[in-house]
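If you read the sequences in order, they're chains A and B. The working numbering applies: residue 1 is where the first sequence begins, and numbers increase by one. The working numbering applies: residue 1001 is where the second sequence begins, and numbers increase by one.
One or more of the hints may lead you astray.
Derived list of chain B stretches under chain A, where covered just means 3 residues or more per stretch with a C-beta under 8 Å from a C-beta of chain A [to be verified]:
no., segment
1, 1292-1304
2, 1330-1343
3, 1378-1384
Label pairs and their computed distance ranges (CB to CB) [to be verified]:
no., chain 1, residue 1, chain 2, residue 2, range
4, B, L1054, A, G192, 37 to 45 Å
5, A, V208, B, L1167, 28 to 36 Å
6, B, L1054, A, L24, 27 to 35 Å
7, B, G1348, A, I287, 34 to 42 Å
Hints in this document: simulated from the structure, not taken from any laboratory. Computed from a predicted model, the values in this text were never measured in an experiment. Where a beta carbon is used, it is the ideal one built from N, C-alpha and C, also for glycine.
So the chains spell out like this:
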Amino acid sequence: MDILTLFVIVPMVTVLILVFAKNLKQVRLISLVGMAIQFAMSINLIFAYLKERAVNKDIMVFTQDYTWFESFNIHYAIGVDAISVVMIALTAIVVLAGVFISWKVDDLPKEFFITLIILSAGVFGFFISLDLFTLFVFYEIAVIPMYLLIGIWGSGPKEFSAMKLTLMLMAASALLSVGIFGIYFNSNADGGALTFNILEIAQVNIPVAAQNLFFPFVFIGFAVIGALFPFHTWSPSGHASAPTAVSMLHAGVLMKLGGYGVFRIAMYLLPQGALNWTDFFLVLATIGVIYGAFGAIMQKDLKYINAYASVSHLSLVLFALLMLNKTAWSGAIIQSLSHGLLTALFFALIGMVYGRTHTRDIAKLGGIMKTLPFIGAVYVITGLAYLGLPGFSGFVAEMNVFVGAFEHADIFRRILTIIVVSSIVVTAVYILRMVGKIMMGPLVNEEHAALLKATWYEKVGLVLLLIPVVIIGTMPYGLSEMIKESIAPFLERLL
Amino acid sequence: MNWNELLLMRFELGLLAIILAILVFEIFASKKQKGSIIPFALILFTIHTLIGFLPLEDGSLFGGMFKSNTLLYYFKNVLNVGVLIILLQSADWLKEKIVQQNKATEFILLLLSSLLGMYYMISSGHFLMFYLGLELATLPVAALVAYETSKRESAEAGVKYILSSALASGTALFGISFLYATTGNLYFDVIATTLTASNLSVLGFILFFSGLAFKISLAPFHFWTADVYEGAPINVASYLSVISKGAAVIILVILLFTVLKPLLPFWSKIIYIVAIATMTIGNLFALRQQNMKRFLAFSSVAQAGFILLGMLSVDELGLATVLFFVTVYIFSNLGAFGVVQAISAKSGKENINDYEGLYRTNPKLSLLLMLALFSLAGIPPLAGFFGKFFLYAAAASKGYYVLVFIAVVNATISLYYYLLVIRAMFLRKNPDAIPHFNSKFYMKLGLVLSAIGILVAGLYSPLYEYIFAISTNFLN
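Please take these sequences and the hints and turn them into a complete structure.
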């Protein structure tokens, strides 16, 4: 079994064993062991990748190719570059932390962990796929479990939110499938055979008319899950209703599928289309950044604040990708990573606060720092990292994005960049206000004077997420070099 | 005539032998033994199904009236498996309700006679043969629809079905007579070479197509579907929605790709419009259904619209994708109908609201229904996803991107109503949920067979590759 396929096999085996679990203890143990193995494998993959990269200069390494449907030329083709490797590591961390955070799920725990792990298997499969068909299959496998996860274990208007989220994301994947057919049936433009293989299609010059036609399908298809304005509306309600671990996984990992797909599929395979459409989508992304930031200011519910903040930060990823240069792109990838970790931290913390105080309303919270010192401290750190304080991952990411964006000298991009940069201030406003209000200040509710301290599994989950934030923030050079090296071949197609 | 040639009719002769054996059994069995007709028929039909997988040669009989080739063998096998699952799913219902009324034998006889008609219909090489097969396939079903004589709805559904299907058959026959008028012949092979586009032949095609469209319940010929499905016993409804519809789809696609190919410019427009109408109308009506049988009826109308996408690519890709989709559709729909039947048999409840909280009392049935509905909605890695994706691919290969776009939008709409059932089963909590029960052996076997089909038929790529190979052979 090759090193990459294991990332799909291990979750599947975990699910199979979970089916036979008898009690809550076994369920927790099996999920924990399975995801810990996954985590160890992802760390191992980073080192294996670095070792392989030193000798192997192909775009993708660890490639494997098995024919699946011969007449369609569909293959199970896999391979990774630095970007997929770091995304896989991010997923493994968030899923493992999610298992810790969900320790106390009591309603149908077995089903909860099974659905959660199936979702993660879809995400892992998505990141290793080099074949459009398999990629699409894994994408849908990652989306559908959200319906059950939000609908069964969620809170608030969960049925509505689950339905809205599922239908919007599946509608996006429907658009995507039209785009995929457009790419597939033009992949013989240079006289070769029809193919779904990404690397092979990249060698073909797809007619420009077809590229212009299908680029928006593929781009929107992916960008909806990356919270592109005005298709982001599923995200706030979905995140607010989802249980903690699901919000973490969804905002932390699933929404990253959007940005990843945009540059790996839409821009790489349809470069001419990308060049012709960037201006239009840049405007949408800019609106998304500002709209998300102001949306977050207006919210009173902690989860809604974080959901709108995610819209803002992920629109920044799309904005950076549409800037089409190396610095901005590496900023986009690091921003994906950084936001994935930080938003997962935020959702985990909100879940812990909510679990103890039974409210997410800012007005009803205050001075919790004194009663929950550990959670409070991590909350403050996360908040500061989120608004881009140097020393944490957020700063590295935003720095790269803005420097990259300023490399363009034309007035149109300058103006958009200035607008986007100003969102930093807005971010600082809502983050500082939120942290200040609920953590510092006087105690609002007397009942909050004595709350259960953070338990061991909560602490493990938080620390697991916090460590990479600091590592990226203090030692960004290695990561950034690794990513830039992998970006180069993708960018060459566009210039 | 060489007796070996009769082997080409092995499926038909075998089935005829079973029908006769059951008839003889019915005559000689004492009153106490009547119940054992069910295992007897099941064993015979299982053997028949297994024999069907033995290889056979291509050829034709009776001067080209009856044709046989690998593609038809494959599809007869699919029909066999489908009917076997239906028989298994009906076995308990027959034993508990129908044997007392002394009508179990007739049920099986009528079902198998109709299947015999389907065999002849898809194997025909002559319009007369086709018409005989069509009638033999339709008339027994009318009796089956009205089988629960104690229920008024069942009798009403029977009358509705026989009246509308008689009208449809008549229309088809009228159309055939027009085709005869333009070509002077009824043999498929001759018509394929002499047919030219004229007002008369196009009119003939439209009338003929209307007749078949009724069987497939394409819009605007779908009005009978919901009422008949609701009134009929559930296993008959599932027979109508998978076997009867599947056979009609196959003969339609074969005729369109071979005999009626000269009229391609005309029929491609008709199929294009009918596909959009069927998908959209089926979906919009399914949105608001409360009764599971009506719900599945409209969902199967919508599914028929998707099948038409594959017919627009008039090549081996289109034929293979249609065949493949019908195969996986049979498994998915039988899974859904099987669960509905199991629940209805135990509790008599058939409304979506009654399914609330089902997962907490009957997890296995709920999971199977979820798999079947997800497969119908086209969610990977279930078989239905591959079926739909390939149908889209067939339409896209000829540049029908707009149609594919309309189809994927419709697929998203359909996901909404499939999720409504899943919402009831999984998301809702209900103290009065249908209590836990265990299905009997036959029912379990029937459900497990369809579950295996749903899980494996798509992922296991050699199945599609085999269908593609036989389709390529068939068209060349």
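Practice task
Hints the structure violates: just list their numbers, smallest first.
Solution key: 1, 2, 5, 6, 7
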